[in-house]
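Q: Work the whole structure out from these sequences, hints included.
Chains as they are written, first to last, in our numbering: chain Y, 1 to 224; chain A, 1001 to 1295.
These are calculated hints, taken from the structure and not from any lab test.
By construction, the Cβ of each residue, glycine as well, lies at the ideal position given by its N, Cα and C atoms.
Some hints here could point you the wrong way.
Stated by the list, open to error - Pairs of lysine-lysine residues, derived as PhoX-like cross-links and limited to a Cα-Cα distance of at most 25 Å, are as follows:
(1) Lys109/Y <-> Lys1208/A
(2) Lys73/Y <-> Lys1291/A
(3) Lys1291/A <-> Lys70/Y
To be verified - Just the calculated beta-carbon pair ranges, DEER-fashion:
(4) Lys70/Y <-> Leu1027/A: 31 to 41 Å
(5) Tyr72/Y <-> Thr1268/A: 31 to 41 Å
(6) Leu1175/A <-> Thr55/Y: 48 to 58 Å
(7) Ser1020/A <-> Ser214/Y: 28 to 38 Å
(8) Asn132/Y <-> Leu1180/A: 42 to 52 Å
(9) Leu1293/A <-> Ile113/Y: 25 to 35 Å
(10) Leu1180/A <-> Gly136/Y: 39 to 49 Å
(11) Gly1275/A <-> Glu13/Y: 53 to 63 Å
To be verified - Covered stretches of chain Y, going by a simulated chain A footprint (3 or more residues, C-beta under 8 Å):
(12) 75-81
(13) 102-113
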Amino acid sequence: MIEMIKASKVYSEDVEALKDISVSIASGEMFFIIGMSGAGKTTLLKLISSMEAPTSGLIEIAGQPVHLLKGYKLARLRQKIGVAYQDFKLLTDRTAAENIAISMEVSYKKPQIIRKRVKDLLAALDLTDKHNKITGELSRGEQQRVTLARAIANSPAMILVDEPTGNLDAETTEKVIKLLTKCNKSGATVVIATHDDLIYRHTPHRIMELQKGSILSVIRGNGL
Amino acid sequence: MSFWFTVIRQVGRNLRQTWSSQLMTLLTVTLSVLIFSFFYLVYTNMLKWGDRLGDDLSLIVYLEEEPGPELREQLIKKITTFDEVEKISFITRAQAYQRFAEQLGQNQDVLNDLPKDFLPPSIEVIPLKNLRSLNQVKLFSAYLEKLPGTVKVQYGHEWIEKFYYFTKLLSIVMLLSGTLLILTTIFMVAYTIRLTILGRKDELELLKLVGATNNYIRVPFLLEGLLQGILGSTFGIISLYILFNWIKLRFSDPGYLTMFEFSFFPPTVSITIVGISILLCTFGSFSTMQKFLRV
Ligand SMILES: Nc1ncnc2c1ncn2[C@@H]1O[C@H](COP(=O)(O)OP(=O)(O)OP(=O)(O)O)[C@@H](O)[C@H]1O
Ligand SMILES: [Mg+2]
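A: Shown next as structure tokens:
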């Protein structure tokens, strides 16, 4: 589903965030990207979601070169990709429910369907009482979960999550992972960038480690 | 259906967020439409009166002496060499006296002491209908002045000239207010929409990231411009109509301006003005989006 061939990203002359990354992630796979801070995890996700264009190389999703898509086609592709950004990108003057609804509204889901989905997601993430709270007034951990809920609300074919548990305790982390696993089980490709070994330590899925913009290793988790 | 639901909610949100500048824009659009259509209304009415005045436009050539039949022939020939005319009639001293007496009506007795031939003889020339423009009438009058034995040429009422100049001035004022209408509507609408766009930069950026199509982002803004156009121009025309009726009521006393019949636009003109304003407003919002919403 995701095919990266010798993709590089140079932000400025001395900042080479990614160097010749070649990796292919299958449809329906759950895939972890780990590495130290500054290794290039976020940049990699940005390339996949075409928030940034690669300096060189090719990135294809379902056979389409993403960085060449524009207008309507790009919009349609993005509707099928749910992204939980590391910096959240929440609308801080809107309620949690409104923030989650946005990703469904852009593909014109019916209002009653949106309402139900928002409620279910908030319940799954322990946020039921925050339904009508302005997200600017939520704690970092709560904001993080709202971001995740928005990413998966529209049941996208591909979910990219950047550091989903940075501000969460073990119990809530568990809930987040459970939710992502559920999405994966129902067919979504899930790519998780993290340096929280709690969430990939026992995974049976593939783990790619980045170091200073290059692939250090791709191993399959032992699944213990 | 969900599309329109989302779009309308978005429009509502925009309006709530920037209602004060939206109101200002609405007011500006309304005023521009009012000003323009006011002048346009006056102008069209003036043109109508102008037509009527032109209908009974006549040039009166006062002569020194009463022309004999031979001289009459000559004069007619000379007049018609300048241009074809509708009618030429000779008025003798006696006829002039007769007319004057009739005009005086009951006060005829003031004439008793005067000789019956104190009024000069004259020729009344009614030019062809196509000789309407002031310049041509002037040229004609200058030509008539040079005829032998002419004392003075008068054409109709003195203020016809003033009337023509006034219509000309009005057409300039109309052009200016029309330009004002175009500029204000386009710029004000563009400005408020720019304000909305800048105020919601984060949201618009996010919308693009989660896959909002251009239509999803643009239609609410276009609708906003459309709404400004519809409301602004309708209010403008309605206020003009109210103003029109008020003026009509004030000046409908008999004797006052009764010869002028004031009439409002036919519905088609009102609809055209509304339609053009809507187009202008939509264009304003569209042009802003082209600049600020590159997707
Ligand atoms: N917009 C940008 N402009 C310039 N340099 C950037 C930009 N974004 C990232 N970088 C640089 O690219 C490198 C990789 O950044 P990236 O955000 O991908 O790291 P990361 O692995 O996500 O780190 P973290 O775990 O801290 O989130 C870093 O050296 C960073 O400074
Ligand atoms: Mg990062």
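Q: Return the numbers of the hints above that this structure violates; sort them in rising order.
A: The structure conflicts with hint 7 only, although it agrees with all the remaining ones.
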